[in-house]
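> Here's the letter readout for the chains.
There are 2 protein chains.
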Amino acid sequence: MKTSILFSGGKDSSLSALLMEPFFEIELVTCSFGLLPNGELAAKTAKELQFPHRILFLKKEILEMAYKKIIKDGFPKNAINYIHEKAIETLASYPEVKCIADGTRRDDRVPVLSISQLRSIEDRLKIQYICPLRGYNRKTVSILAERYLRIEEGPSESTPKADYENELRELIRQRHGEDKIRELFPAHLQSHVLSRKGQQ
Amino acid sequence: MKTSILFSGGKDSSLSALLMEPFFEIELVTCSFGLLPNGELAAKTAKELQFPHRILFLKKEILEMAYKKIIKDGFPKNAINYIHEKAIETLASYPEVKCIADGTRRDDRVPVLSISQLRSIEDRLKIQYICPLRGYNRKTVSILAERYLRIEEGPSESTPKADYENELRELIRQRHGEDKIRELFPAHLQSHVLSRKGQQ
Chain A
1 MKTSILFSGG KDSSLSALLM EPFFEIELVT CSFGLLPNGE LAAKTAKELQ
51 FPHRILFLKK EILEMAYKKI IKDGFPKNAI NYIHEKAIET LASYPEVKCI
101 ADGTRRDDRV PVLSISQLRS IEDRLKIQYI CPLRGYNRKT VSILAERYLR
151 IEEGPSESTP KADYENELRE LIRQRHGEDK IRELFPAHLQ SHVLSRKGQQ
Chain B
1001 MKTSILFSGG KDSSLSALLM EPFFEIELVT CSFGLLPNGE LAAKTAKELQ
1051 FPHRILFLKK EILEMAYKKI IKDGFPKNAI NYIHEKAIET LASYPEVKCI
1101 ADGTRRDDRV PVLSISQLRS IEDRLKIQYI CPLRGYNRKT VSILAERYLR
1151 IEEGPSESTP KADYENELRE LIRQRHGEDK IRELFPAHLQ SHVLSRKGQQ
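Chains as they are written, first to last, in our numbering: chain A, 1 to 200; chain B, 1001 to 1200.
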């Protein structure tokens, strides 16, 4: 079964691809608004991981709406979930796309779609949706990632990652400056995958 | 990482084993109260699938408590979940068991532990818990099972399966007869795995 995995170049989406690889025909898809070279960054990681990759450009209106949400809310959750849902809708609008996957873990809170949101997306867009890490906790994911991936980790402002947050941060930087980013986004660690480790 | 998968010989636990096989050292574990030859039945399937297998005998008190629950409730959900939780506790009490998995899917309702129940089990019993199919819906699981497994399917009263329900049904048969089983358990299809299909 051919599956398109939403791919940021981070640990979770990379590991999702590895876990699905023996059973699915994988393509990695990185969404970008064209504000930062997200797509190119992820393409490099995808090549290291030896998966086919493509960049999916999303409409700027989606980023503008997400911007409105984060400014109104004062926190990123709803804005990021909104981009995630619109990314899935955009990807599912391609007739060859029948199955979409993402790297959300059991403990993730953003971006996460509820089971009823997933069912609605599957029914409405005529696709199947898979979250291969949804039954894995953070610790197990870390153990697997450590074993199968070479990773660099660091604070989100300095570690390059092609996720939705990255371009939303950039837009806020352009319009409000650095301080506003620190106000809106909680500090956290990002992971950026470099390549596979040899399997034992 | 060595993982013990709770194994009924059905489609979901068999597929869980296949999905985890490339990344984990798998053993299949079938729980039994000794009321039916559950363990032997599952051992045969495990052998066909080429996984190590063992039978874990559970204390009869657990079945008695589950019996009380189903008679009081008039439906099996809480009784089955109770056996599931006690099975995990029993398995986790072996010091060599560090990681336990089961075959629950995204759409399953019984037996399913909530995220907070899973966290409590992990903290209390010092294990990691994995549900490799938790991010897969029924349709995707069916497609994968159809591709990788030879299966027989039929009504639950005539299809042999080594799950918790089987022995609880048997106890009710012994004490109340066939009609009571039909009253307490909704009719549904069971799957019994015969062997692997050749991978493409």
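Hints in this document: simulated from the structure, not taken from any laboratory.
Each residue gets a CB set at the ideal place from its N, CA and C atoms; glycine is no exception.
Don't take every hint at face value.
To be verified - Here are the simulated DSBU-like pairs of lysine-lysine, each with C-alpha atoms no more than 35 Å apart in a straight line:
1. A/Lys47 / B/Lys1197
2. B/Lys1059 / A/Lys139
3. A/Lys2 / B/Lys1044
4. A/Lys2 / B/Lys1059
5. A/Lys197 / B/Lys1068
Unchecked claim - Quick partial rundown of chain A residues pointing at chain B, CB under 7 Å, derived from the structure:
6. Asn81
7. Arg124
8. Gln128
To be verified - Beyond 10 Å from chain A on every Cβ pair, some chain B residues (computed):
9. Gly1074
10. Asn1078
11. Gln1128
12. Leu1133
13. Lys1139
14. Arg1150
15. Gly1177
16. Lys1180
17. Arg1196
> Run through the hints listed earlier and report the numbers of any the structure violates, in increasing order.
Of the numbered hints given earlier, those the structure breaks are 4, 5, 6, 7, 11, 12 and 13, listed in rising order.
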